[in-house]
Amino acid sequence: MAYDYAKFIRPGRLPHIWCPGCGYGIIMKSMLRAIDSTGWSKDEIVLASGIGCASRLPGYVDFNTIHTTHGRSLGFATGIKLANPALKVIAMGGDGDMSAIGGNHFIHACRRNIDITVLVFNNYIYGMTGGQYSPTTPMGAKATTAPYGMIEPSFDIARLAVAAGATFVGRTTSYHAVPMEKLILQALNHKGLSVVEIMAGCPTGYGRRNGQKAASDMLIWEKEHAVPYEKAKNMTEAEMAGKFAIGVIYKDESRPEYVESYDRAVGLSKRG
Amino acid sequence: MSKDKRFLQGNDAVALGALYAGCRFFAGYPITPSTEVAEKLAAMLPKAGGRFIQMEDEIAAMAAVIGASLAGRKSLTATSGPGMSLKMENLGFGCMAEVPCVILNVMRGGPSTGTPTGPGQSDIMQAKWGPHGDHPCIALTPSTVAEQFTETVRAFNLSEKYRTPVIILTDEIIGHMREAVEIPAEGELEVIDRVKPDCAPEDYLPYDSSKGDVPPMANFGEGYRYHVTGLNHDASGFPTAKPSIIDSEERRLVRKVEANYDDIVKVEEFMCGDADRIVFAFGSSARSAKDAVLALREKGVKAGLLKALTIWPFPERHIKKYADGGVKGILVPELNLGQAVCETERAAGGKCPVEGLFRVDSEAILPSQISGTLERF
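Protein sequences, first through last, are from chains A and B.
Residues in the first sequence are numbered from -7 upward in steps of one, following the working numbering.
Residues in the second sequence are numbered from 40 upward in steps of one, following the working numbering.
Next up, chain A with everything else stripped away, as it sits in the complex:
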């Protein structure tokens, strides 16, 4: 029997705003199945987002949801978690939201290792405003603000998260719907700051200007360029050129979580 998403969808909020062929609906479904597997109640779950196509997701689903300002979801999420650590906080946003305007908040949330799961929807473009280049637009790719091709090197969001101190980092794609669900579930169950970068196609803003006119072209591109991390780590840089690793990229369960550290340091918790 097909999975029933209805229990998580707010009545009357669909259809969503995403374009035909957008990968974000696949992410929403994988995320909901992962959330379902945690056994958490809807009342204890908070979704915080910034601005952009990805950030519209919280409006569709039946949790405590906040659609904040551009790039700032992690600031709001940090306040929510500190105010009530019993809440399960998930922050989400696109590549521009999280790595450009929200880049500072992203690295510092990672550094603190606060118990928040961050989902970065990476479609290599600003979709909602119509296809401007973002920090993850590949070199040479066309965007409305890069009509002669992108000249800036890209951020590798997963590597950025590891470097900044996140204690669980994974990457997946909208092609890998089932592995994505499992990866998000691992991230949700991780104590500390977890990041899942999800590569997803934007046929409207990116694909049609970059040789991937159909949504299926973008899914096939994801399938062909994703390399499981266990395999990727033994490959040379030349072999990995143009490809990216998927799966769990980094995991460290030894580092203390931020709110627990705070409570211990200031005497709010009994331990230590």
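For the record, the hints were derived by calculation from the structure and aren't laboratory data.
What you are looking at is a predicted structure, and each value in this text was computed from that prediction instead of being measured.
Any given hint could turn out to be false.
[To be verified] DSS-like mimics (lysine-lysine), calculated; alpha carbons at most 27 Å apart, straight line:
no., chain 1, residue 1, chain 2, residue 2
1, B, K250, B, K235
2, B, K359, B, K305
3, B, K305, B, K44
4, A, K21, A, K183
5, B, K235, A, K34
6, B, K86, A, K183
[Unchecked claim] Derived list of chain B stretches under chain A, where covered just means 3 residues or more per stretch with a C-beta under 8 Å from a C-beta of chain A:
no., stretch
7, 92 to 105
8, 260 to 274
Built from N, CA and C at the ideal position, the CB exists for glycine as well.
Use these hints to put chain B onto chain A, whose structure you have.
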């Protein structure tokens, strides 16, 4: 029982006032001349069961404060000039999403970095108009260390009561001066908490104004799952593009504050009864103005002081009363090049002359400057 009397710095009084009001969360970023508030609360909040965080920037601090309030904690941030400019985006979000919180702006001099260690009163218009779009604004202007405490309590009360961010506009002089303060006993000052919904979660509409302009507010995690957004939204909290709802909700947002002038606007009328000339002042300038009025009274000049403890909504009815009453003029001393004076002129409606006395050299306005000008009226 003996009174709890302490020799306090102005900024410390804000921290103590916040705790008294029930503040249990602070997020901030170090900036002169407000930093002492963060330092004090970093030490004191955990003892009261609260939490403190120094965020990566002013923007995130404002965001965290709104987030913490949504999750049920009364929240404060403190900043000055450049930091206040950075907070504007999320301050507007707080107004739009109707999230109570308090923002302390210890005003310093100049645009940009200005004079961090000198006083200023040049953020009056920024407080009102800094965030883009029409929005409500409540801003309080204490002028003594004791008022730093009591007005902080009032700021939290107003923010909870009207479900909106409240700004405390103080300045470097009051923030850093020390005065003896009698700390009110528990229960001596009223402490107001947000009104929560009494309906079943499935019936809850987070922006339902059918019973008044301030909708009851549920905290995240209490079973009332709802959506919060900075987009124009309807009573359900979800985005709307319907012009009639955008219009009615924007008007309600502003009206919930503007229609409650008597409850929000607090002005001390000092020797105004028989006054033939008035000085309208706030913050540190009100201290000099009070001295000036006393000096003039000694000389038989009938001067009076209107001391604004609320600067937004602007105390226009108080000013109008004296302008209509036929005073010879109203003087507005302020540490800027003319902000409150324009509002005062508007409120006076041409019934009496309104003159400004401005200073922007990072020094206080002297009582003699004020009395000298008032004498000529």
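Okay, the hints, checked on the actual structure:
1. B:K250 / B:K235: holds (13 Å)
2. B:K359 / B:K305: holds (15 Å)
3. B:K305 / B:K44: holds (25 Å)
4. A:K21 / A:K183: holds (23 Å)
5. B:K235 / A:K34: holds (20 Å)
6. B:K86 / A:K183: holds (26 Å)
7. 92 to 105: holds (count 12)
8. 260 to 274: Since three or more residues must qualify, the claim that chain A covers the stretch 260 to 274 of chain B holds, with 10 doing so at under 8 Å.
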